[in-house]
Amino acid sequence: KQEVTQIPAALSVPEGENLVLNCSFTDSAIYNLQWFRQDPGKGLTSLLLIQSSQREQTSGRLNASLDKSSGRSTLYIAASQPGDSATYLCAVWDGGSQGNLIFGKGTKLSVKP
Amino acid sequence: EAGVAQSPRYKIIEKRQSVAFWCNPISGHATLYWYQQILGQGPKLLIQFQNNGVVDDSQLPKDRFSAERLKGVDSTLKIQPAKLEDSAVYLCASSLEWGLGTEAFFGQGTRLTVV
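One line per chain: the protein sequences are Y and P, in this order. Be aware that the first sequence starts at 1, since it is given in the working numbering, and climbs by one per residue. Be aware that the second sequence starts at 114, since it is given in the working numbering, and climbs by one per residue.
Bear in mind the hints are in silico, worked out from the structure with no lab data behind them. None of the values given here were measured: they were computed from a predicted structure. Just so it is clear, CB atoms sit at the ideal spot from N, CA and C, and this is done for glycine as well. One or more of the hints may lead you astray.
[Stated by the list, open to error] Result set (PhoX-like, lysine-lysine): computed pairs, CA atoms no more than 20 Å apart in a straight line:
#, chain 1, residue 1, chain 2, residue 2
1, P, K175, P, K128
2, Y, K42, P, K124
3, P, K157, Y, K42
4, P, K157, P, K184
[Unchecked claim] Listed next, with one range per pair, are the computed distances between beta-carbon atoms:
#, chain 1, residue 1, chain 2, residue 2, range
5, Y, P40, P, A118, 14 to 24 Å
6, P, K157, Y, P40, 33 to 43 Å
7, Y, D67, P, P194, 44 to 54 Å
8, P, S140, Y, V13, 35 to 45 Å
9, P, K128, Y, P40, 22 to 32 Å
10, P, Q172, Y, A79, 32 to 42 Å
11, Y, V13, P, P174, 17 to 27 Å
12, Y, N22, P, K157, 13 to 23 Å
Using the sequences and the hints, build the whole thing.
Below, the structure is given as structure tokens:
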């Protein structure tokens with residue numbers, strides 16, 4: 001059974017810092033991996049989708065990497081801003097016959113001005 | 114492009130009452146998902162549709178939860194009767210295809226409080 005773990009559960013950094021959020025999964029047989037952002041009381045906003053054949057994906061100040069063999073992904077946020085404060089969720093597209101997203105519990109990020 | 118629409122945004126009901134949530138996916142998206150997110154947890158899949166057929170409902174508590182997707186577009190999720198532990202955010206998502214890990218897009222969610 002696929003399990004997704006995100007470390008740390010919470011992170012507080014001063015504005016301007018570069019930071020890394022970690023995601024690990026137990027079964028390397030995944031289709032893809034998707035990173036989401038969730039603001040309080042809101043739904044999920046898709047940030048990046050990494051295909052299983054890719055090693056990384058970039059969007060603006062965000063860079064996500066994927067190492068399927070070791071079951072790890074990282075989300076790198078450069079020059080953090082207070083507006084980046086949110087919960088970041090990692091989810092893997094399970095390689096089973098149904099193919100659905102399995103989520104971690106998220107990392108709650110707070111960027112202090 | 115319009116996103117995934119959900120209503121209502123918030124709902125408060127007493128235990129043993131019934132409640133229904135509505136979702137309209139992105140136009141042309143064949144796959145629709147309902148997820149339950151309990152406070153402090155990641156979303157958990159309840160049911161997945163491909164067009165108007167159920168692909169996976171293995172984690173849906175079928176004694177009290179039901180869902181349908183008539184005509185392969187809109188979907189409703191119903192809880193009857195509700196329990197205190199059903200308090201959660203119910204998220205609807207859609208994707209263009211099924212089983213290939215194409216990008217999923219989520220709605221704003223419905224926050225349910227059962228008192």
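Hint by hint, here is what the structure shows:
1. For the given pair, P/K175 sits about 17 Å from P/K128 by alpha-carbon distance, which is consistent with the 20 Å threshold.
2. Of the supplied pair hints, the one linking Y/K42 and P/K124 holds, its CA atoms being roughly 15 Å apart against a limit of 20 Å.
3. Restraint check for P/K157 and Y/K42: the C-alpha separation of about 16 Å stays at or below 20 Å, so the hint holds.
4. For the proposed pair P/K157 and P/K184, the alpha carbon gap of about 25 Å is over 20 Å, so the pair is violated.
5. A C-beta distance of roughly 20 Å is found between Y/P40 and P/A118, which places it inside the suggested range of 14 to 24 Å.
6. Range check, P/K157 to Y/P40: about 20 Å between beta-carbon atoms, so the 33 to 43 Å window is missed.
7. A hinted range of 44 to 54 Å for the beta carbons of Y/D67 and P/P194 is consistent with their spacing of about 46 Å.
8. The hinted window of 35 to 45 Å between P/S140 and Y/V13 holds, with their beta carbons roughly 39 Å apart.
9. Checked against the hint of 22 to 32 Å, the C-beta distance between P/K128 and Y/P40 comes to roughly 26 Å, which is consistent with it.
10. Between P/Q172 and Y/A79 the Cβ separation comes to about 40 Å, which falls inside the hinted range of 32 to 42 Å.
11. The hint said 17 to 27 Å for the Cβ distance between Y/V13 and P/P174, and at roughly 40 Å that hint is violated.
12. Between Y/N22 and P/K157 the beta carbon distance is about 21 Å. The supplied range of 13 to 23 Å therefore holds.
Of the numbered hints listed earlier, those contradicted by the structure are 4, 6 and 11.
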